[in-house]
Amino acid sequence: MNSTNRVLNRLFILVVGLVVFSVGAALLLVAIAGPVRDTWAHSVAICVSGVTRWLRATPLPNQPMPISGSWLWLVALAAGGALIILLALFIIRQGHGHTRRLITVGGDAGMVLVDSRVAEHAIQDALSGRPELIASHVSTYQVKHQSVLKVAITCRRGISPREVSRIVTEVLVAFDTLLGGQLPALVKISAGIRARATQTARLH
Amino acid sequence: MTAYRSTYQRISRREMHSPRSVAAITLALMTSAACLWLMSEIVLHLLGRPGLLATPSEIAHTVAGAGAAPPALVGVIGVATGLIGALLLFLAVAPGRRSRHLLAIERAVTIVDSEVIASALARDAARAAGVAPDNARVTVTSRRVTVHITPTSGTPVDRTAALTAVQEHLHELGLRRVLQPKVTVAAVGRVGA
Numbered sequence: 015m016n017s018t019n020r021v022l023n024r025l026f027i028l029v030v031g032l033v034v035f036s037v038g039a040a041l042l043l044v045a046i047a048g049p050v051r052d053t054w055a056h057s058v059a060i061c062v063s064g065v066t067r068w069l070r071a072t073p074l075p076n077q078p079m080p081i082s083g084s085w086l087w088l089v090a091l092a093a094g095g096a097l098i099i100l101l102a103l104f105i106i107r108q109g110h111g112h113t114r115r116l117i118t119v120g121g122d123a124g125m126v127l128v129d130s131r132v133a134e135h136a137i138q139d140a141l142s143g144r145p146e147l148i149a150s151h152v153s154t155y156q157v158k159h160q161s162v163l164k165v166a167i168t169c170r171r172g173i174s175p176r177e178v179s180r181i182v183t184e185v186l187v188a189f190d191t192l193l194g195g196q197l198p199a200l201v202k203i204s205a206g207i208r209a210r211a212t213q214t215a216r217l218h
Numbered sequence: 009m010t011a012y013r014s015t016y017q018r019i020s021r022r023e024m025h026s027p028r029s030v031a032a033i034t035l036a037l038m039t040s041a042a043c044l045w046l047m048s049e050i051v052l053h054l055l056g057r058p059g060l061l062a063t064p065s066e067i068a069h070t071v072a073g074a075g076a077a078p079p080a081l082v083g084v085i086g087v088a089t090g091l092i093g094a095l096l097l098f099l100a101v102a103p104g105r106r107s108r109h110l111l112a113i114e115r116a117v118t119i120v121d122s123e124v125i126a127s128a129l130a131r132d133a134a135r136a137a138g139v140a141p142d143n144a145r146v147t148v149t150s151r152r153v154t155v156h157i158t159p160t161s162g163t164p165v166d167r168t169a170a171l172t173a174v175q176e177h178l179h180e181l182g183l184r185r186v187l188q189p190k191v192t193v194a195a196v197g198r199v200g201a
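Top to bottom, those sequences are chains A and B. Residue numbers for the first sequence follow my numbering, beginning at 15 and rising by one. Residue numbers for the second sequence follow my numbering, beginning at 9 and rising by one.
If you're looking for bench data, these hints aren't it; they were derived computationally from the structure. Since the structure is predicted, the reported quantities are computational estimates derived from the model, not experimental observations. Among the hints, erroneous ones may be present.
To give a feel for the contact side, a few chain A residues facing chain B, derived at Cβ under 7 Å [unchecked claim]:
| hint | residue |
| --- | --- |
| 1 | 31 |
| 2 | 41 |
| 3 | 55 |
| 4 | 56 |
| 5 | 79 |
| 6 | 83 |
| 7 | 87 |
| 8 | 89 |
| 9 | 97 |
| 10 | 100 |
| 11 | 180 |
| 12 | 202 |
| 13 | 204 |
Subject to a maximum C-alpha distance of 20 Å in a straight line, what follows is the list of computed DMTMM-like cross-link-like pairs (lysine to aspartate or glutamate) [what the hints assert, rightly or not]:
| hint | chain 1 | residue 1 | chain 2 | residue 2 |
| --- | --- | --- | --- | --- |
| 14 | B | 190 | B | 180 |
| 15 | A | 202 | B | 23 |
| 16 | B | 190 | B | 176 |
| 17 | A | 202 | B | 180 |
| 18 | A | 202 | A | 184 |
| 19 | A | 202 | B | 123 |
| 20 | A | 158 | B | 23 |
| 21 | A | 202 | A | 146 |
| 22 | A | 202 | A | 134 |
| 23 | B | 190 | B | 142 |
| 24 | A | 158 | A | 122 |
| 25 | A | 202 | B | 66 |
| 26 | A | 202 | A | 190 |
| 27 | B | 190 | B | 123 |
| 28 | A | 202 | A | 139 |
Now the stretches of chain B that chain A is said to cover, found in silico as 3 or more residues with beta-carbon under 8 Å [stated by the list, open to error]:
| hint | segment |
| --- | --- |
| 29 | 26-40 |
| 30 | 54-65 |
| 31 | 87-95 |
| 32 | 101-114 |
| 33 | 145-157 |
| 34 | 165-171 |
| 35 | 190-196 |
For every residue, glycine included, the Cβ atom is placed at its ideal position computed from N, Cα and C.
Put together the whole structure using the sequences plus the hints.
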């Protein structure tokens, strides 16, 4: 329902997984195969001497600050900082997708904007009187440039989900009539933690 | 449903599968922490101060020394790292189906937790089998419903009645994916249940 980029999530996990797996496989090979151990020692030595040469060849110019070494370190710091910023953006980007605009009806004479809270309050009020439901929460999301209502229901133990769905559909249809149009909706029926602590409802 | 077919398809698909947000956020945080550590070591190195855990050259020497270190130690670390990597690859590729079911409803995408279906079925099965509600336990997976009934000692359990009740209830529910019901009765009963 929210606008989390799931492909990006999976790609990120895939890339990190590949790196971690390759490191593990390389270490295992180093441990069990003699020729690999020699190649490892040889190639790492070449890398270290290469990097050392670069670091020696790129000294920082003389300056009053008490730092010394290669300016390549500063490049590495900048790259690390950029990576951290990217990862932070990636984390912040998770979730989201709520909207406060339910519908917009426009014409030459003017525009009518209906706030999401109209639907949220109306539906939640209608559902709160029902004894079969422990709790209900209504929110509005933007999916494919369209406002979608999400009705999350926590119901009592032993209640048929069909019955819960009938109650919610009734309320949704009543709201359609009030609004004068139909909005797509998601109804999510769960048991929740409170349901487990509540006694089985006796409905006959 | 017809008016919003593609919207409804997108919503159902996304609600039935895990977004993998927890794993992705955890990995991002750990990668950032590793990055921050390496950056602090670089800054300390530039200032000519001793490192927090190891200076950049010490890190390079540790990596280079992997071949000379005891093979058992390197092997164990390698296997552990490889397993973590394999787990991550699995998380990235597996569908991550959630334990939920779709109801065939026109007006709204209706998604029910398997737990809710199970407790509703347990109530009906217990009543049909003639046992106390606590003695019918139901597990709902993505394709199957299994009812485990513990009989009251000395009283036979009407297994067919329980199966019929569950079948009827499932039919009434109208799930988009049909579940196969099965009833098992425990060999040992319980006294006073």
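Now the hints, each set against the structure:
| no. | hint | in the structure |
| --- | --- | --- |
| 1 | 31 | holds, 3 Å |
| 2 | 41 | holds, 3 Å |
| 3 | 55 | holds, 4 Å |
| 4 | 56 | violated, 9 Å |
| 5 | 79 | violated, 9 Å |
| 6 | 83 | holds, 5 Å |
| 7 | 87 | holds, 5 Å |
| 8 | 89 | violated, 10 Å |
| 9 | 97 | holds, 6 Å |
| 10 | 100 | violated, 9 Å |
| 11 | 180 | violated, 9 Å |
| 12 | 202 | holds, 5 Å |
| 13 | 204 | holds, 4 Å |
| 14 | B:190 x B:180 | holds, 17 Å |
| 15 | A:202 x B:23 | holds, 9 Å |
| 16 | B:190 x B:176 | holds, 13 Å |
| 17 | A:202 x B:180 | holds, 18 Å |
| 18 | A:202 x A:184 | holds, 15 Å |
| 19 | A:202 x B:123 | holds, 13 Å |
| 20 | A:158 x B:23 | holds, 15 Å |
| 21 | A:202 x A:146 | holds, 15 Å |
| 22 | A:202 x A:134 | holds, 15 Å |
| 23 | B:190 x B:142 | holds, 18 Å |
| 24 | A:158 x A:122 | violated, 26 Å |
| 25 | A:202 x B:66 | violated, 55 Å |
| 26 | A:202 x A:190 | holds, 19 Å |
| 27 | B:190 x B:123 | holds, 17 Å |
| 28 | A:202 x A:139 | holds, 17 Å |
| 29 | 26-40 | holds (count 11) |
| 30 | 54-65 | holds (count 3) |
| 31 | 87-95 | holds (count 9) |
| 32 | 101-114 | holds (count 3) |
| 33 | 145-157 | violated (count 0) |
| 34 | 165-171 | violated (count 0) |
| 35 | 190-196 | violated (count 0) |
Of the numbered hints given earlier, the model fails hints 4, 5, 8, 10, 11, 24, 25, 33, 34 and 35; all others are met.
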